[in-house]
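J.: Construct all of the structure, not just a fragment, from the sequences and the given hints.
Chains G and U, in that order, are what the protein sequence lines are. The numbering used here applies: residue -14 is where the first sequence begins, and numbers increase by one. The numbering used here applies: residue 43 is where the second sequence begins, and numbers increase by one.
Everything labelled a hint here was simulated from the structure, so no lab data went into it. No residue lacks a Cβ here, since even glycine has one placed at the ideal position from N, Cα and C. Please note that a few of the clues may not be correct.
What the hints assert, rightly or not - As a list, the in silico PhoX-like pairs of lysine-lysine whose alpha-carbon atoms are at most 20 Å apart:
(1) 67(G) / 268(U)
(2) 181(U) / 110(U)
(3) 47(U) / 256(U)
(4) 258(U) / 268(U)
(5) 61(G) / 256(U)
(6) 55(G) / 106(U)
(7) 61(G) / 260(U)
(8) 46(U) / 256(U)
(9) 47(U) / 61(G)
(10) 55(G) / 260(U)
(11) 110(U) / 55(G)
(12) 258(U) / 64(G)
(13) 64(G) / 181(U)
(14) 67(G) / 258(U)
(15) 260(U) / 67(G)
(16) 64(G) / 106(U)
(17) 47(U) / 55(G)
(18) 47(U) / 64(G)
(19) 256(U) / 268(U)
(20) 46(U) / 61(G)
(21) 110(U) / 64(G)
(22) 67(G) / 256(U)
(23) 55(G) / 256(U)
(24) 258(U) / 61(G)
(25) 55(G) / 67(G)
(26) 256(U) / 106(U)
(27) 55(G) / 268(U)
To be verified - The following label-pair restraints were derived from C-beta to C-beta distances:
(28) -13(G) / 230(U): 55 to 65 Å
(29) 262(U) / 55(G): 14 to 24 Å
(30) 227(U) / 39(G): 22 to 32 Å
(31) 25(G) / 175(U): 28 to 38 Å
(32) 20(G) / 148(U): 30 to 40 Å
(33) 48(U) / 39(G): 13 to 23 Å
(34) 32(G) / 231(U): 14 to 24 Å
(35) 174(U) / 47(G): 35 to 45 Å
(36) 44(G) / 230(U): 34 to 44 Å
(37) 177(U) / 32(G): 53 to 63 Å
(38) 227(U) / -4(G): 35 to 45 Å
(39) 191(U) / 63(G): 48 to 58 Å
(40) 147(U) / 41(G): 25 to 35 Å
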Amino acid sequence: MKKLLHYTSILLTLLLTSITGLLAQVTTESTQHVEMADTFRSEGKIYVVVLVAVVLFSGFTLFMVLTERKIARLEKTFKDLKGNADK
Amino acid sequence: MNWKKHWWKILGVLLIYFVLVAGFLADVPRLFILNETIRNLFFHVAIWFAMFVLLIVSVVYAIKYLGKGNPLDDIKSSEFANVGIFFGLLGILTGSVWAKFTWGDWWVNDPKLNATSISMLIYLAYFILRASIENPQAKGRISAVYNIFAFAAAIPLIFILPRLTDSLHPGNGGNPGFNNYDLDNSLRRIFYPSILGYTLLGIWFAGIRIRLQKLKEKLNDLELNK
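T.: In structure tokens, the structure reads:
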């Protein structure tokens, strides 16, 4: 009985140590440093990137809105023309 | 599509503003090789999805035109294809930039890249075909049939073929797609709005071109009737 208990406890300890060892390996791998733009961000430069992108897109949107208005005006002109022609 | 309503255009613009800000400022999974470029998911991939939606709309109008012969359907079919291919070109360019920084070269001999280029070329031939035919009914019918063929070719080329063979491209050739990395949905929160935003912008763009075409036709009619 005692021998069985001893052997089981040794086996269990070995098992647990090996699993922890494996897990430890996995965790060290995931804490390996992945290069990201952390310094860049901490210096606030990321906001420059965002601002540039926003400015460019605002320019595009403005162009779209102006074109949309031009087309709406043209469509109205045609409608009026057609209205006059039908009279 | 009601071109006079503006709410969906404003929505598209706001969504892209959101993507531009959140896409750069939000936390993203920290992965090797990709590093910060994983953010290109919100631009490059979203644009391809938007392109696909636009091409679906294009082929639907092509089929409608073959059924009813309404010239407006032909205009819509060709203009949606136009904007779709423009988005495809943007997709290729943004993909090329991404490739340079992650794969080391502006272009690689990869099945996904080759397949999408072939699909683009097939659609470009669609526009050349349209330009080569004078008679509007013939132009409409022949290009509508070609549109259906081009769309039917694009699906296996872009989605199926690259997954069957070795590829560098994420989601193909045994590589995991971004689902595996986006375990806490931090990417999807920005990715899905981006697809919707670009699709809405693409529809707005196509709408402007369609209305312009209609005006040109009206002008032609007026001049002919003088």
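J.: Which of the numbered hints are not met once you compare them with the structure shown?
T.: 6, 11, 13, 16, 21, 27, 31, 32, 36 and 39
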